[in-house]
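*Asks:* Spelled out, the chains give:
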Amino acid sequence: MSEHRHQDPPSPMALRVKALETLLVERGVVDPEAVDAILDVYEHQVGPHNGARVVARAWTDPAFRERLREDATAAIGELGFLGMQGEHMVALENTERVHNVVVCTLCSCYPWSVLGLPPAWYKSHAYRSRVVMEPRAVLREFGLDVPEEVEVRVWDSTAELRYLVVPRRPAGTDHLDEEALAALVTRDSMVGTAVLPDVDGGTGT
Amino acid sequence: MTRTGSDVSLEPGRPFDEPWQAEAFALAVQLHRQGVFSWSEWSATLGAEIAKLEAVGDEDYFRCWLNAVETLVARKGLASQDELAGIAAAWADAYRDTPHGEPVRLGRPAP
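First to last, the protein sequences are chains A and B.
Throughout the first sequence, residue numbering follows this note's numbering, covering 88 to 292 in sequence.
Throughout the second sequence, residue numbering follows this note's numbering, covering 127 to 237 in sequence.
Quick caveat, the hints were computed from the structure, so don't treat them as lab data.
Beta carbons: idealized from backbone N, C-alpha and C, even for Gly.
Keep in mind that a hint or two might mislead.
To be verified - Which residues of chain A face chain B? A few of them, derived with a C-beta cut under 8 Å, are:
{"#": "1", "residue": "Q94"}
{"#": "2", "residue": "A101"}
{"#": "3", "residue": "A106"}
{"#": "4", "residue": "T109"}
{"#": "5", "residue": "V112"}
{"#": "6", "residue": "E120"}
{"#": "7", "residue": "G167"}
{"#": "8", "residue": "M171"}
{"#": "9", "residue": "C194"}
{"#": "10", "residue": "C196"}
{"#": "11", "residue": "S211"}
{"#": "12", "residue": "H212"}
{"#": "13", "residue": "D243"}
{"#": "14", "residue": "T245"}
{"#": "15", "residue": "V286"}
What the hints assert, rightly or not - Now the stretches of chain B that chain A is said to cover, found in silico as 3 or more residues with beta-carbon under 8 Å:
{"#": "16", "segment": "156-166"}
{"#": "17", "segment": "194-204"}
{"#": "18", "segment": "223-230"}
Claimed, not checked - Here are the simulated EDC-like cross-link-like pairs (lysine to aspartate or glutamate), alpha carbons at most 20 Å apart as the crow flies:
{"#": "19", "chain 1": "A", "residue 1": "K210", "chain 2": "B", "residue 2": "D143"}
{"#": "20", "chain 1": "B", "residue 1": "K202", "chain 2": "A", "residue 2": "E113"}
{"#": "21", "chain 1": "A", "residue 1": "K210", "chain 2": "B", "residue 2": "E180"}
{"#": "22", "chain 1": "A", "residue 1": "K210", "chain 2": "A", "residue 2": "D261"}
{"#": "23", "chain 1": "A", "residue 1": "K210", "chain 2": "B", "residue 2": "D184"}
{"#": "24", "chain 1": "A", "residue 1": "K210", "chain 2": "B", "residue 2": "E167"}
{"#": "25", "chain 1": "B", "residue 1": "K202", "chain 2": "A", "residue 2": "E108"}
{"#": "26", "chain 1": "A", "residue 1": "K210", "chain 2": "B", "residue 2": "E185"}
{"#": "27", "chain 1": "B", "residue 1": "K202", "chain 2": "B", "residue 2": "E167"}
{"#": "28", "chain 1": "A", "residue 1": "K210", "chain 2": "B", "residue 2": "D186"}
{"#": "29", "chain 1": "A", "residue 1": "K210", "chain 2": "A", "residue 2": "E247"}
{"#": "30", "chain 1": "A", "residue 1": "K210", "chain 2": "A", "residue 2": "E238"}
{"#": "31", "chain 1": "B", "residue 1": "K202", "chain 2": "A", "residue 2": "D118"}
{"#": "32", "chain 1": "A", "residue 1": "K210", "chain 2": "B", "residue 2": "E144"}
Let the sequences and hints guide you as you build the complete structure.
*Replies:* Below is the structure:
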């Protein structure tokens with residue numbers, strides 16, 4: 088008697104994806120290699136390190152900063168980060184008086200080319216529904232207390248329009264080059280749910 | 127160093143918890159690239175699916191994503207919900223009928 092142990096089918100969700108792939112490949116609609124290539128890009132290549140380079144360049148190169156203000160899509164494209172869905176990019180510069188924060192109230196629109204895929208909280212109902220109504224309270228939950236005199240501006244992303252927040256350059260970073268500056272820039276600071284802490288510089292403590 | 131309430135790591139981390147989520151993600155991007163739908167149409171469809179599940183207290187983001195892919199694929203006449211359900215069931219049978227260690231093949235006549 089042969090005792091074959093048969094295999095458990097994947098989860099219902101995995102089976103649904105498999106069914107989609109099967110039919111779409113069979114019908115010549117999608118090329119499985121192209122799908123694999125997309126996965127490689129989003130799992131391994133794009134991420135907040137791209138946005139960090141944009142921010143560090145803006146801090147160190149006034150001409151670039153000007154181009155970023157004028158046409159962020161083109162300026163970001165100079166660094167080789169091109170949008171995948173033909174979306175238009177807008178850079179939002181934080182200042183002494185204005186703090187910018189980004190959301191997508193409809194779904195999960197996010198600047199993939201510079202930040203990679205969104206974190207879970209960005210997609211959550213709580214964040215999407217509350218940050219527009221009570222941005223200061225939500226930011227406080229992120230550990231960010233925005234002073235009363237600073238205006239908080241909330242930007243709602245769409246399929247066509249994506250935002251990148253340019254955080255303020257931390258104090259104590261005058262001696263740092265672009266690469267070292269980029270290493271300081273966090274993902275959340277480019278969504279606007281964090282600011283960058285000042286660097287203890289120069290005194291060797 | 128201060129940390130915020132969320133992950134402030136610069137590392138992209140793992141955007142997907144399970145492989146099917148990654149596959150569903152990439153399928154949508156590829157369908158868009160091949161002109162099957164515009165990204166605006168995608169966002170509107172995904173937003174509607176999210177709203178639908180949120181109304182019943184479900185926040186499974188990638189379930190919404192997969193629902194949106196299936197909705198658009200059906201709307202564009204590429205594969206109906208019934209066809210997809212049939213293939214999914216055939217795959218489940220194929221797994222059950224295939225001895226452990228052997229590659230699973232979809233056993234069904236070509237359409």
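*Asks:* Run every hint past the structure and note whether it holds.
*Replies:* Against the structure, the hints come out as follows:
1. Q94: holds, 5 Å
2. A101: Hint on A101(A): holds, closest Cβ of chain B at ~4 Å, below 8 Å.
3. A106: holds, 4 Å
4. T109: The hint holds - T109(A) has a Cβ within 8 Å of chain B, the shortest such distance being about 5 Å.
5. V112: violated, 10 Å
6. E120: Violated, about 10 Å.
7. G167: violated, 17 Å
8. M171: holds, 7 Å
9. C194: holds, 4 Å
10. C196: Holds, because the Cβ-Cβ distance from C196(A) to chain B comes to roughly 6 Å (cut-off 8 Å).
11. S211: Given a least distance of 7 Å, the restraint on S211(A) holds.
12. H212: Holds, about 5 Å.
13. D243: With a closest approach of 12 Å, the D243(A) hint is violated.
14. T245: Holds - the Cβ of T245(A) comes within 8 Å of chain B, reaching about 7 Å at its closest.
15. V286: violated, 10 Å
16. 156-166: The restraint on the segment 156-166 of chain B holds, since 9 of its residues have a Cβ under 8 Å from chain A and three suffice.
17. 194-204: holds (count 4)
18. 223-230: holds (count 5)
19. K210(A) to D143(B): holds, 15 Å
20. K202(B) to E113(A): Judged against 20 Å, a Cα distance of about 16 Å means the pair holds.
21. K210(A) to E180(B): Roughly 12 Å separates the two Cα atoms, so the pair holds.
22. K210(A) to D261(A): violated, 36 Å
23. K210(A) to D184(B): holds, 13 Å
24. K210(A) to E167(B): holds, 18 Å
25. K202(B) to E108(A): holds, 16 Å
26. K210(A) to E185(B): holds, 9 Å
27. K202(B) to E167(B): holds, 12 Å
28. K210(A) to D186(B): holds, 10 Å
29. K210(A) to E247(A): This hinted pair holds, its Cα atoms lying about 18 Å apart.
30. K210(A) to E238(A): Distance of about 24 Å is beyond 20 Å: violated.
31. K202(B) to D118(A): The hint holds at about 18 Å.
32. K210(A) to E144(B): Between K210(A) and E144(B) the Cα gap is close to 17 Å, so the pair holds against 20 Å.
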